[in-house]
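J.: Protein chains in written order, with this note's numbering: chain A, -14 to 99; chain B, 196 to 307.
Please note that the accuracy of each hint is not assured.
Simulated crosslink set (DSS-like; lysine-lysine; CA at most 25 Å straight-line) [as the list claims (entries may be wrong)]: (1) A/K(-4) x A/K42; (2) A/K42 x B/K200; (3) B/K252 x B/K263; (4) B/K237 x A/K(-4); (5) A/K2 x A/K42; (6) B/K266 x B/K210.
Honestly, the hints are just simulated from the structure, not real lab data.
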Amino acid sequence: GAGVSQSPSNKVTEKGKDVELRCDPISGHTALYWYRQSLGQGLEFLIYFQGNSAPDKSGLPSDRFSAERTGGSVSTLTIQRTQQEDSAVYLCASSSVSGNQPQHFGDGTRLSIL
Amino acid sequence: QQQVKQSPQSLIVQKGGISIINCAYENTAFDYFPWYQQFPGKGPALLIAIRPDVSEKKEGRFTISFNKSAKQFSLHIMDSQPGDSATYFCAASMGENNDMRFGAGTRLTVKP
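Just chain B, with the same shape it has in the complex:
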């Protein structure tokens, strides 16, 4: 059972545009929602994370929007750059063992 559903599978955006990736979760016990960025041949790197007591978190060009009632959260990349081209994973975790479930990933391509 896929506990975190991510869309789209791939995304192409022009330089300077806004990239939006969406995730939905099922288990209301999740209480930590990180986003990871992965370049080819590298491991995922933490980009930004949010807890369910806030509806939005912004760090530079990256913003997470969180809708607890809808059980959805999204990543917005403002002024997208070719260097942002990577695969992005949303995740959700819960519990003391940090049981983390990942979305299937979104391959973002930013065209110059």
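Isolated chain A (complex conformation):
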């Protein structure tokens, strides 16, 4: 079946611009996660959505970062007034139910801030 889909696959933008990154989770998966992966580094948790519950935003690095999930499916991660340190690969993952389930990842959006 279809996996987690992320778009765009690559995004180049100028410092100070806003960007929107999209994630389509696996159909039926109620949990959705956003991570950031800097070059050669591990995965940094950003935000978690589960069903209709309030999202866990504890990993968002600043108030320039926000995310929403409409209708319990598609999610958008927005970065306002981008900075060069925002350059990274942004990964989205989904899982079928919360608690001790594998997370399935998309291939990410590679964001480059000039």
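Chain A is already provided as a structure; the job is to place chain B on it using the hints.
T.: The following block gives chain B in isolation, referenced to the frame of chain A:
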């Protein structure tokens, strides 16, 4: 605070050899330990996972060894192949929200 420590950072193994990657965790509330494999330009893909009620899990050439008392777990890749060359991440999760923490990754190179 890094909750999952992974070593080595990089590893070079000859074809046919055994690759061993180690992870240690701090929080005893973790109750699910997956390993992910990531190729360049791709997202991490689940390789194998273990829960703390078993000490070992084997799937094909891949084995997880788990030591609950030492709070350590490791990935063994038997008969390593050049196609196994990738970055490997260990992880640990807990709770209903599947709060997952990742190690920093190990870049494995298998030489033909």
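J.: All hints, please: hold or fail.
T.: Comparing the hints with the structure gives:
Between the alpha carbons of A/K(-4) and A/K42 the distance comes to roughly 23 Å, so the proposed pair stays at or under 25 Å and holds. Taking the CA atoms of A/K42 and B/K200, the gap is near 24 Å; set against the 25 Å cutoff, the hint holds. A distance of roughly 14 Å separates the Cα atoms of B/K252 and B/K263; the hinted pair therefore holds under the 25 Å criterion. Restraint check for B/K237 and A/K(-4): the C-alpha separation of about 16 Å stays at or below 25 Å, so the hint holds.
About 22 Å separates the Cα atoms of A/K2 and A/K42, which keeps this hinted pair within 25 Å; it holds. Annotation: proposed proximity of B/K266 to B/K210 is violated, straight-line Cα distance about 30 Å (limit 25 Å).
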